[in-house]
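I would like the entire structure built from these sequences, with the hints used as guidance.
Number of protein chains: 2
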Amino acid sequence: MPLLPLRRIPSLVKPGQSLFSRFSHRPFLSRRSFYGYISDTKMAPQLEPFFKQVDDSSESFIDRLRKAVAIPSVSAQDENRKDVFRMAQFLASELEALGAEVHQRPLGKQPGKEHLDLPPVVIARYGNDPNKRTILVYGHYDVQPALKEDGWATEPFELTIDSKDRMYGRGSTDDKGPVLGWLNVIEAHKKAGVEFPVNLLCCFEGMEEYGSEGLDDFIQAESKKFFKDADAVCISDNYWLGTEKPCLTYGLRGCNYYSISVSGPAQDLHSGVFGGSAHEPMTDLVNVLSKLVDPQGNILIPGIMDLVEPVTEEEKSLYGNISYTMDNLHESLGAETGIHPSKERTLMARWRFPSLSIHGIEGAYSAPGAKTVIPAKVIGKFSIRTVPNMESPDVNKLVFDYIKAEFAKLNSKNTLDVWLQHDGKWWVASPKHWNFSAASKAVQQVFGVEPDMTREGGSIPVTLTFEQATGKNVLLLPMGSSTDAAHSVNEKLDRRNYIEGTKLLGAYLHYVAEEPTA
Amino acid sequence: MPLLPLRRIPSLVKPGQSLFSRFSHRPFLSRRSFYGYISDTKMAPQLEPFFKQVDDSSESFIDRLRKAVAIPSVSAQDENRKDVFRMAQFLASELEALGAEVHQRPLGKQPGKEHLDLPPVVIARYGNDPNKRTILVYGHYDVQPALKEDGWATEPFELTIDSKDRMYGRGSTDDKGPVLGWLNVIEAHKKAGVEFPVNLLCCFEGMEEYGSEGLDDFIQAESKKFFKDADAVCISDNYWLGTEKPCLTYGLRGCNYYSISVSGPAQDLHSGVFGGSAHEPMTDLVNVLSKLVDPQGNILIPGIMDLVEPVTEEEKSLYGNISYTMDNLHESLGAETGIHPSKERTLMARWRFPSLSIHGIEGAYSAPGAKTVIPAKVIGKFSIRTVPNMESPDVNKLVFDYIKAEFAKLNSKNTLDVWLQHDGKWWVASPKHWNFSAASKAVQQVFGVEPDMTREGGSIPVTLTFEQATGKNVLLLPMGSSTDAAHSVNEKLDRRNYIEGTKLLGAYLHYVAEEPTA
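Taken in order, these protein sequences are the chains called A and B. Letter 268 of the first sequence, counting from 1, is numbered 268 in full-length UniProt numbering, and no numbers are missing. Letter 294 of the second sequence, counting from 1, is numbered 294 in full-length UniProt numbering, and no numbers are missing.
Treat the hints with care, as some may be off.
[Stated by the list, open to error] Below, simulated EDC-like cross-link-like pairs (lysine to aspartate or glutamate); rule was C-alpha separation at most 16 Å, straight line:
(1) Lys291/B / Asp294/A
(2) Lys67/B / Glu155/B
(3) Lys413/B / Glu336/A
(4) Lys291/A / Asp294/B
(5) Lys148/B / Glu79/A
(6) Lys148/A / Glu79/B
(7) Lys82/B / Asp117/B
[Claimed, not checked] Simulated restraints, written as ranges between beta carbons of each label pair:
(8) Leu307/B / Glu244/A: 50 to 60 Å
(9) Asn321/B / Pro111/A: 53 to 63 Å
(10) Pro111/A / Pro388/B: 51 to 61 Å
[Said to hold, decoys possible] Over the 12 Å line for every Cβ pair with chain A, so calculated as not near, a few chain B residues:
(11) Lys67
(12) Ala70
(13) Glu96
(14) Phe157
(15) Lys164
(16) Lys224
(17) Lys245
(18) Phe400
(19) Gly448
(20) Glu514
Bear in mind the hints are in silico, worked out from the structure with no lab data behind them. Predicted, not measured: the structure shown is a model, and the values here were computed from it. We put the beta carbon where it would ideally sit given N, CA and C, even for glycine.
So this is what it looks like as structure tokens:
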């Protein structure tokens, strides 16, 4: 796409001056020198009224988040499917009210659960100027399960703001806050009368927390249609490394999620009556699960580590400069139960080595109290976070063969099955693209610091899908911080992260409009 | 207590004839010879109208069970405590309407959960004739947890009768059916105008499924007061060995129920963000649980088997004659997943050897679907079924020491705790007492077969308490059959077992009135 006329933001980048040795692996300007520079400059004229409008509208933006959190759009639970649809409608209505062209695209029946319709993908276009760049943004409007009795201090589906301006609620940070951030950006531009700097394409899905069922094919098809003008992709669905310093993310681990079922008797048994006389599925399952990973996090499945790309000396050198300490880890854990002694090894364990976590067991007694039953069928669940160059079919074969072999050693008459519930591939991108440099400038404008260039341990499989389908650069631009407790009890988004994050998304679009095509 | 005048049932036992070599370890009369005898005799006059009345009242007795099942008196769950109280009131009202003297005795606050009152013990007296024997009967009116989504084919708290007259509902067989059986016996005597043969004392508790909290002290105290006249005790809270042949039970395993908690981070963690960098409580717990028992049911805790009374040759010989086959095991399992190759070894594994079952994990993801969380704190639950001569303190010490030692080997920074949730001792009684011989005659009168003399794998800790507190013989006289699925989904009681079982309880009381002392 031709990029004329490029509107430069005069106050931030002086002609002929290269502010940043962008996306090289050398350190950026130091924080001190950067602050010195920023304090001498004036804010870009088109950003100033936008930022002021975001501040002025902040209560209404928080109210928008409150309404969204109140819809329990849990994609993993059948009984909430209607709420996922309600959430899609909420987003579509808000976008329409802002003047966007909106479609709710059905994805058909849910594979394996044909009584359920998959939630629609909400797609939207705001602006259609061939002289502007077009940015495709992605987010998801479904959330993880949440029950008050899991240990939430507040009702999980009521946005509750405490005295420190922490906004608690399921989906606040993952991913309703960031999704609504884009809507807030449009609204603030309209209200402030600032021209929108790019054409915006939205792709908001409702099955992210359940493996993004049906989305890949949709994106692939729309990359030649609704999304065909996209010049780059921006995804806001991850978190800062710490709590103070924003980051831009250029790599993600993948995730292969497995289930192991062990079944024996036709129904649950009284452990007094039958204990000792029948093979117990729980005994077998616990035995097999104990063979997967050791307490130091080493995956015990033979061959898995052979698939992992070796660490180079150059890569090692990247980790030293990242703003992160063991105290940060301990703070986010709320405990000093880290495995590794150093920051570097900790970050590598999270970003560039695989890990295996056992999530739970379906079919066994899980409530408080004491129940003396022998469960008839139990399903253990675990996932492997994958990294280059672990290809899913290779991992699956190693996992299945090993688990079946370990079960065979038990000499049990029970029946074991193991299957892949879903997978998403790892992703590593080039951070030297204009998409990243624009985001870096936006971070500096809004937060006054250079972002850390990070990878992430979590999986956002759609990242890779967008890269492959559009052939464009994909940027991860997080809004929330490391202590937001995504997927956990007491998930929250700080008011600052939401409001300044909205400014960040808007500023990013302005810098995108200015960046030369590298 | 003087037993005059003893009213003999003339048709069943002819003067001078010893029908059964009762409670020796030699085989009873064969089924064929017994049938031949029964067919030649007439029913005792006082039983005939009673039996007829039970048949005539059967619909109203089933309706009584329906009302009881509808009250979800789950003692293990705080939110159902009010229903446990409702159930106590239901029983008390029914007993009062039948003319019994009834008291609801409070047991104070629940230890460790002081916000909850323990449910009352419903005690009652029906009849106060010093010329009659006094029988103390025990049952419980609380039930195990049950949720439709656990896999019930019907609503667990709605009694649902299928075309084969199986009556499904939580508590139908464990233990509301048997408890109501005693009420039915009183009602049928009143309606038929048959004199009640004994004085009946009732002790119905509401915490049996949660360790009978507070009951031991109560029984101990009342054994010198409300229960002081008891000549023998009868408990109906277990099951036939198979589905056709009743049994009398003279031994029970005990049960020590343990919890192991492993905790680390302050809250659940996102496995993508933290996987590989922190010690995971589930990894440690699964590892420890895998060290408790092998898939062949062998307890791996050193020293446990040393506590078990060795099997004598005489004891071995008892098992050959019991009416049980491996097909019976497979039928009740609904699968051919038995561990042992023979009936004898199977029954010994259930009755006279300890077993260890892992029941489940609290705090981990247990729902269907996929949740990629690292649980912050998980509590594994297991129980050991105990036998002579395993004393609880000895078992506890071995369990605690072993688990702590195994956890230490893991070199995890997480924190482990292990504790006894509740225990109940094993019990073995003499089956040669008149209490047993009366029950044996009643079985033959109602069902036309000699009962098997059995032990049981399950725990009914109160059995031992009654024996120790009253110093009297305790009999276990089951109503339900082996396929009733107590503690499991689709718990049921066959209409036949309920109605003929009511006859059995009544007939037992008549024979009790006749049996000579010793």
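Exercise for review: Could you let me know if the closest chain A CB is still more than 12 Å away from the CB of Ala70/B?
Suggested key: Holds, since 21 Å exceeds 12 Å.
**Study point:** Distal placement of Lys224/B relative to chain A, Cβ over 12 Å
**Key:** holds (31 Å)
Check your understanding: Closest CB-CB distance from Glu514/B to chain A, is it above 12 Å?
Key -> holds (33 Å)
Exercise for review: Below or equal to 16 Å on CA atoms is what counts here, so check Lys67/B against Glu155/B.
Suggested key: holds (14 Å)
Check your understanding: Does the Cβ pair Pro111/A, Pro388/B satisfy 51 to 61 Å?
Key -> holds (55 Å)
Review point. Any Cβ of chain A at or closer than 12 Å to Glu96/B, or is the non-interface label fine?
Key: Answer for Glu96/B: holds, closest chain A Cβ roughly 32 Å.
Review point. Within a Cα-Cα threshold of 16 Å, do Lys413/B and Glu336/A meet the stated pairing?
Key: With a Cα-Cα distance of about 8 Å, the restraint between Lys413/B and Glu336/A holds, given a limit of 16 Å.
Review point. Hey, Lys291/A versus Asp294/B, does the alpha-carbon distance stay inside 16 Å?
Key: holds (14 Å)
Exercise for review: Report holds if the minimum CB distance from Gly448/B to chain A is greater than 12 Å, and violated otherwise.
Suggested key: holds (25 Å)
Practice item. Could you grab the alpha-carbon distance between Lys148/A and Glu79/B and see if it respects the 16 Å cut-off? Key: At roughly 15 Å apart (the allowed maximum being 16 Å), Glu79/B and Lys148/A satisfy the hint.
Review point. Holds or violated: are the alpha carbons of Lys291/B and Asp294/A at most 16 Å from each other?
Key: holds (14 Å)
Check your understanding: Within 16 Å, alpha carbon to alpha carbon, are Lys82/B and Asp117/B?
Key -> Distance of about 9 Å is within 16 Å: holds.
Checked against the numbered hints listed earlier, the structure breaks none of them; every hint is satisfied.
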